[in-house]
Amino acid sequence: MAKSIFVFALVLLSGCTTVVIDEYRRSDGELARGDSVVILGRRHSSEYETEPDLIDCVGRRLHNPKRGVTVIPEQHFVDAMYPWFEPRTAPMHLKSLDRLVDIPEVRERMETYGVKYIVWIDGSTETTASAGSIGCSIGTGGAGCFGFGTWDKESDYEASVWDFRDRELSGKLSADAKGTSYMPAIVVPIPLIARVQNNACKGMAAQLQQFLLPAQPAGGKSSSS
Amino acid sequence: MAWSKNGFSAVWKITLVSALLLAAACSHTVSVDGRYPQPVGQQHPLTVGIYLSDEFRKFTHHEDSADRDEWNINTGKAQKNLFETVLGSMFTEAVSLSQYPQDLPKNVELVIVPEVRELQFTMPRENRVNIFEVWIKYDMHAYDQRGESVANWVITAYGKTPTAFLKSQEDALAQAINIALRDAGATLYTGFERVPELQAFLANKQRALSMKGDETAGEETTE
Chain S
18 MAKSIFVFAL VLLSGCTTVV IDEYRRSDGE LARGDSVVIL GRRHSSEYET
68 EPDLIDCVGR RLHNPKRGVT VIPEQHFVDA MYPWFEPRTA PMHLKSLDRL
118 VDIPEVRERM ETYGVKYIVW IDGSTETTAS AGSIGCSIGT GGAGCFGFGT
168 WDKESDYEAS VWDFRDRELS GKLSADAKGT SYMPAIVVPI PLIARVQNNA
218 CKGMAAQLQQ FLLPAQPAGG KSSSS
Chain A
2 MAWSKNGFSA VWKITLVSAL LLAAACSHTV SVDGRYPQPV GQQHPLTVGI
52 YLSDEFRKFT HHEDSADRDE WNINTGKAQK NLFETVLGSM FTEAVSLSQY
102 PQDLPKNVEL VIVPEVRELQ FTMPRENRVN IFEVWIKYDM HAYDQRGESV
152 ANWVITAYGK TPTAFLKSQE DALAQAINIA LRDAGATLYT GFERVPELQA
202 FLANKQRALS MKGDETAGEE TTE
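So the protein sequences, as listed, match chains S and A.
To convert, count from 1 in the first sequence and add 17; that's the numbering used here.
To convert, count from 1 in the second sequence and add 1; that's the numbering used here.
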């Protein structure tokens, strides 16, 4: 009984994350069989970098060839298109993409991959506040830690969806996630981690799936905790 | 006396080993060995010789200042791979030269010689953001068949890695250097035609090729 209560308390505490997804849609999803999607992280800012593991997470969750969504892994695509999608050469606007497509070899390779949508994700996850302290000691009688620590994390991501074939902005999505992690230590430290980035990834991938596929009902604004 | 001598020897050895261990703890070695993709785009219609000096192929940046640990950063192998891959794909034909200016093949129209001017890096505790940053500056030289200078230009490259991604300081720095080298390759590829002297050299070559094409077409018509 006590064990069940402890596990339930753990689940309650570790699930303390809020995710808010917003969507702005300019055109309906037109992803057809044989089309593929590229998800890329923006890396031009000097102060932060969109995490490759977030891009990988969104890509893995979105990739579902049975449902008609084929995602090209970021590093594979960036290598195949070198040097046109490096941090300093990547197109920042659709006009730059037009200029890039003027290069026949680039256009041919994009067509070979069947690229329909390019999704640019910009943002990062940061620790915004932390408090508490934990002390550990080792003695002849054994070792142990005592104390309590807590920290807040915030994710703020924006995804711009470019329709490569029509050379237009299809829409934008944003994912804001917040969560607090706790670390009580009574002899052994027990980490109760809020998976803020992972929840932002899940929310964004689910919304992108609705966004890109045709005849799917679009969610205006959703919130989960 | 014998005990004392042995005791002194043991203390001396322990001190020496401790000093070496301490020195090693403050010394970092990074060896970057990247593989880089071939650029996608049109090739310039030139036969080019690529000369990468021994110094360039084995380049190691050594730094040991008062406010920093000792760092030995070897980028030679990675930058050799990068320049051979990028320059090798940029032109219709590229020849790797083991020496220069001796024994230059007759068909080579332009020889490209890169040199490292400087490499700088900052650690997360030195900048306000938690990022490892690397800057590399290359001096690029281009010579014609007679060994006369055609163009000199500079390539600056930048790479960064946030601390959150790192396994160790060495891994993070190696990753930032790899990103900087990819950036150098991108700048070399996209900026080549923007160097005025090289632009003129390429225009001359294009003109010669089109004249040759016209002559061939004329001869065929006469026949």
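It is possible that some hints are incorrect.
Counterexamples of contact, computed for chain S against chain A with all Cβ distances above 12 Å [what the hints assert, rightly or not]:
#: 1; residue: Arg77
#: 2; residue: Lys83
#: 3; residue: Trp101
#: 4; residue: Val123
#: 5; residue: Asp139
#: 6; residue: Ile210
#: 7; residue: Pro231
List time: in silico BS3-like cross-link candidates among lysine-lysine, alpha-carbon distance up to 30 Å [claimed, not checked]:
#: 8; chain 1: S; residue 1: Lys219; chain 2: S; residue 2: Lys83
#: 9; chain 1: A; residue 1: Lys206; chain 2: S; residue 2: Lys195
#: 10; chain 1: S; residue 1: Lys219; chain 2: A; residue 2: Lys78
#: 11; chain 1: A; residue 1: Lys107; chain 2: A; residue 2: Lys168
#: 12; chain 1: S; residue 1: Lys112; chain 2: S; residue 2: Lys195
#: 13; chain 1: A; residue 1: Lys206; chain 2: A; residue 2: Lys168
These are calculated hints, taken from the structure and not from any lab test.
We put the CB at the ideal spot given by N, CA and C, even for glycine.
Hint-by-hint comparison with the structure:
Remark: the non-interface label on arginine 77(S) is consistent with the geometry, its nearest Cβ contact in chain A lying 18 Å away (cut-off 12 Å). The Cβ of lysine 83(S) lies farther than 12 Å from every Cβ of chain A, with a closest approach of about 31 Å, so its non-interface assignment holds. Listed as a non-interface residue, tryptophan 101(S) fails to keep its Cβ farther than 12 Å from every Cβ of chain A; the least gap is roughly 7 Å. The claim that valine 123(S) is not at the interface with chain A is violated, since a C-beta of that chain comes within 12 Å of its own (minimum 6 Å).
Remark: the non-interface label on aspartate 139(S) is consistent with the geometry, its nearest Cβ contact in chain A lying 14 Å away (cut-off 12 Å). With a least CB separation of 15 Å from chain A, isoleucine 210(S) remains clear of the 12 Å interface cut-off, as annotated. Listed as outside the interface, proline 231(S) is consistent with that label: its C-beta sits roughly 31 Å from the nearest C-beta of chain A, beyond the 12 Å cut-off. For the suggested pair lysine 219(S) and lysine 83(S), the alpha carbons sit about 19 Å apart, so the restraint of at most 30 Å is met.
In summary, the hint linking lysine 206(A) to lysine 195(S) is not supported, as the alpha carbons are separated by about 60 Å, beyond the 30 Å threshold. The hinted pair formed by lysine 219(S) and lysine 78(A) fails the criterion: a straight-line CA distance of about 40 Å is larger than 30 Å. Taking the CA atoms of lysine 107(A) and lysine 168(A), the gap is near 50 Å; set against the 30 Å cutoff, the hint is violated. Of the pairs offered as hints, the one joining lysine 112(S) and lysine 195(S) is violated, with about 35 Å between alpha carbons and a cut-off of 30 Å exceeded.
A threshold of 30 Å between alpha carbons decides the hint, and for lysine 206(A) with lysine 168(A) the separation of about 49 Å lies outside it, so the pair is violated.
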